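J.: Make the full structure from the sequences, and use the hints.
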Amino acid sequence: MGVTTLVINDYLKGDVLPPIFLSFRSAGYAEEQTHFDPLKGLRTYGPYKPTDVKVIHLLPREWIEKGLLSEEMSESIEEEVKRILSSLLEKSGRKVEVKRVEIDNITPLVTDKENVRKEIFSKISDGENVVLSFIPRLSLSKEVSTQLYYRMKVLGIREQKPWFVTQAYSERTLNAIQNEDYFPLYNLALNIFTKAGGIPWVLSSSYRLDYDVVIGVAWSIKRIKESKSTGPSIKYYGVTHIFDERGVWRNFASFACKAKTESLLNSLVESVLKVMETQTQLVSSGKRSAKVLLMLREKPKENAIEDFSKMLNERLSKELGLSLSVDVARIFEGSPIRVYSGKYDHRLPPKGLFFEISSKRAILITTGTLKGEEYAGIGTPKTIGVDVLYTSDNKSNALWRSVRAAFAFTAINWRNLFGSLRLPTPIHYSRIMADLLLRLPEEDVREAFISLEGKTEEVFILEPKKFKERPWFI
1 MGVTTLVIND
11 YLKGDVLPPI
21 FLSFRSAGYA
31 EEQTHFDPLK
41 GLRTYGPYKP
51 TDVKVIHLLP
61 REWIEKGLLS
71 EEMSESIEEE
81 VKRILSSLLE
91 KSGRKVEVKR
101 VEIDNITPLV
111 TDKENVRKEI
121 FSKISDGENV
131 VLSFIPRLSL
141 SKEVSTQLYY
151 RMKVLGIREQ
161 KPWFVTQAYS
171 ERTLNAIQNE
181 DYFPLYNLAL
191 NIFTKAGGIP
201 WVLSSSYRLD
211 YDVVIGVAWS
221 IKRIKESKST
231 GPSIKYYGVT
241 HIFDERGVWR
251 NFASFACKAK
261 TESLLNSLVE
271 SVLKVMETQT
281 QLVSSGKRSA
291 KVLLMLREKP
301 KENAIEDFSK
311 MLNERLSKEL
321 GLSLSVDVAR
331 IFEGSPIRVY
341 SGKYDHRLPP
351 KGLFFEISSK
361 RAILITTGTL
371 KGEEYAGIGT
381 PKTIGVDVLY
391 TSDNKSNALW
401 RSVRAAFAFT
411 AINWRNLFGS
421 LRLPTPIHYS
431 RIMADLLLRL
441 PEEDVREAFI
451 SLEGKTEEVF
461 ILEPKKFKER
471 PWFI
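Here the sequence shown is numbered in the working numbering, starting from 1 and rising by one per residue.
Derived from the structure by calculation, the hints contain no laboratory data.
Here the structure is a predicted model, which means the values were calculated and not measured.
All C-beta atoms, glycine included, are put in the ideal place defined by N, C-alpha and C.
Mixed in with the good hints, there may be bad ones.
[What the hints assert, rightly or not] For each label pair, taking beta carbons as the anchor points, the in silico distance ranges come out as:
hint, residue 1, residue 2, range
1, S396, P336, 18 to 28 Å
2, G127, E71, 24 to 34 Å
3, K142, N175, 11 to 21 Å
4, N175, E458, 40 to 50 Å
5, L12, K123, 52 to 62 Å
6, R223, E31, 48 to 58 Å
7, K468, K318, 20 to 30 Å
8, K123, G14, 53 to 63 Å
9, G127, V248, 21 to 31 Å
10, Y182, R100, 16 to 26 Å
11, D345, E72, 41 to 51 Å
12, R223, N115, 23 to 33 Å
13, L452, R100, 37 to 47 Å
14, E442, K301, 22 to 32 Å
T.: Here it is in structure tokens:
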């Protein structure tokens, strides 16, 4: 099968957005310190909001006995995590503590064995720790490793005490140590730091978004066996994440509803209301209007978005006293369009390049080159699409605002130090959490989340029992 190349002779309107500078730990007199490279910024200045980090390395003896993990490799992991975190936090004077606890087995956790849970909790002291745990992805079956991974994710928030968050690592991290490849190790340390409550970086104050808050939403469809008499039911499980104008993740709300368009729209409204309640700088400072960008991964049915936006404005005005200026955009992958540059041998276009396809659609390069050959980007020159689904303003203006925000939020991924995020972080985080809700057994959802009945029929808002304002899910 041949490759068809379409040559467009007409011109498209476009531009190259400037590099996204990030802000790190302030210098004396609160002077802002910035860099476009997350790793160099952290090494040079330290994180934007430092915190003490207490790591407990949970070591199941079964991995040692099966030859999947050695004592020496366990020590190396602990040493590298402490070394990297200590170097990043050196200027702030924060402390890093890493200790090990051992248990006999962990795989019975897949079937939720109570004795395994009790053994884990008996070894962990109270203090909101980050539990580091090895999950062998290659040596276990995909089903077992996946279930173990997701059950470990929520283990520390489903019990009463002690509370903790979990950070897993796999064979890839072990290989990184053997091959002296420190990229995965730095990413591991970054995840631990963020889950401990730190903020690694934010958008530079020089990069002004056109929004007060940016909200990312994603959902999954899940078949649930509720009882033998009624049979399985189909539900939407979704999540709404909220970020402020500096790109700081604030919190999230999850929702569950029947798989109907009306129920989904009601759930979106309820979850947005829930996360907006937490934005006290908007609600309590006397500010009565807010500019909001809502990023969607999926596209609801036609005409539903306008109804949703009107409903949201009415509820926010009535319940929080806020008047909302809303842009709703779908940000997506899967576009067949590829963009190449003839300037460099690698043929990659510059990061931040975008073209307007119409007044409500644009394509954007988020992983191309930066400074030409110096930062060569990743992968093939795939584009992401930005579709304005609704705006209370002119669509061309809304498209420009949405493209700028989508590009800026690819740099606020606290899961990765090396800029390899194609989709903006609000979509990325929402997809992670929606997948977690999809794969978690219902008993874990019930144990880890408080279910709050929404103000509209058949809508339930799910709140984690602990760490509502910490990204424990990444």
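J.: Work down the list of hints and note, for each, if the structure agrees.
T.: The hints, checked one at a time:
no.	hint	verdict
1	S396 to P336: 18 to 28 Å	holds, 24 Å
2	G127 to E71: 24 to 34 Å	holds, 26 Å
3	K142 to N175: 11 to 21 Å	holds, 19 Å
4	N175 to E458: 40 to 50 Å	holds, 47 Å
5	L12 to K123: 52 to 62 Å	holds, 60 Å
6	R223 to E31: 48 to 58 Å	holds, 55 Å
7	K468 to K318: 20 to 30 Å	holds, 24 Å
8	K123 to G14: 53 to 63 Å	holds, 57 Å
9	G127 to V248: 21 to 31 Å	holds, 24 Å
10	Y182 to R100: 16 to 26 Å	holds, 22 Å
11	D345 to E72: 41 to 51 Å	holds, 42 Å
12	R223 to N115: 23 to 33 Å	holds, 30 Å
13	L452 to R100: 37 to 47 Å	holds, 38 Å
14	E442 to K301: 22 to 32 Å	holds, 27 Å
Checked against the numbered hints given earlier, this structure breaks none of them.
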